[in-house]
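The sequence shown begins at 379 in the numbering used here and counts up one residue at a time.
For the record, the hints were derived by calculation from the structure and aren't laboratory data. Where hints are given, some of them may not hold.
DEER-style ranges, computed between Cβ atoms [unchecked claim]:
| no. | residue 1 | residue 2 | range |
| --- | --- | --- | --- |
| 1 | S476 | S418 | 23 to 29 Å |
| 2 | H383 | T484 | 21 to 27 Å |
| 3 | E389 | N415 | 19 to 25 Å |
| 4 | D386 | A469 | 19 to 25 Å |
| 5 | L488 | R460 | 24 to 30 Å |
| 6 | A408 | T480 | 23 to 29 Å |
| 7 | E468 | L488 | 53 to 59 Å |
| 8 | F407 | T484 | 42 to 48 Å |
Just so you know, even glycine gets a beta-carbon here, dropped at the ideal spot from N, CA and C.
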Amino acid sequence: MRRFHESDGVEDWRVVGEGACAYFRTGSFAAGARLVNAISELAGLEDHHPDVDLRYDGVIVRLITVTPEYYGLSERDLELARKISAIAREAGVPADPSTLQTVQVTIDALNIPTVKRSGV
């Protein structure tokens with residue numbers, strides 16, 4: 379999404395796959411848990427929340443809007459990304475966008491029913 383990357387305040391974030399992701403290098407599991415807790419206290423997360431992956435040395439946050447009418451990045455994701463980055467900065471937790479990556483596996487076959495029967 380070009381608009382996302384052109385926006386101010388989202389330098390910590392990369393659009394990978396279909397969502398925006400950021401990696402915050404916390405240095406410890408406890409510091410990561412504190413960051414996730416601070417993110418969880420943001421207002422307005424009841425109906426629009428991030429996916430978080432807490433690891434021993436950092437936190438990956440993924441943002442995407444999924445509704446019956448829309449699938450992708452939205453203005454709400456942009457605002458949430460800014461708020462999460464601000465929380466991390468205030469906590470002294472640096473972002474490291476160089477660690478972000480995604481893998482997509484696509485199976486192409488001439489005979490789809492055969493592939494499905496084989497358990498793939």
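- Message: Tell me if the beta carbons of S476 and S418 are separated by a distance inside 23 to 29 Å.
- Response: holds (26 Å)
- Query: Falls inside 42 to 48 Å, the C-beta gap from F407 to T484?
  - Reply: violated (35 Å)
- Query: Between E389 and N415, is the Cβ distance one that fits in 19 to 25 Å?
  - Reply: holds (24 Å)
- Task: Just tell me: holds or violated, for the beta carbon distance of E468 and L488 against 53 to 59 Å?
- Result: holds (55 Å)
- Task: Go ahead and decide if the range 21 to 27 Å is satisfied by the Cβ distance of H383 to T484.
- Result: holds (25 Å)
- Taking the CB of D386 and the CB of A469, does the distance hold inside 19 to 25 Å? holds (21 Å)
- Just tell me: holds or violated, for the beta carbon distance of L488 and R460 against 24 to 30 Å? Since L488 and R460 have Cβ atoms about 47 Å apart, the given range 24 to 30 Å is violated.
- Item | Assessment of proposed distance window 23 to 29 Å (beta carbons of A408, T480) | With Cβ atoms ~28 Å apart, the hint holds.
When held up to the earlier numbered hints, the structure conflicts with 5, 8 and fits the remainder.
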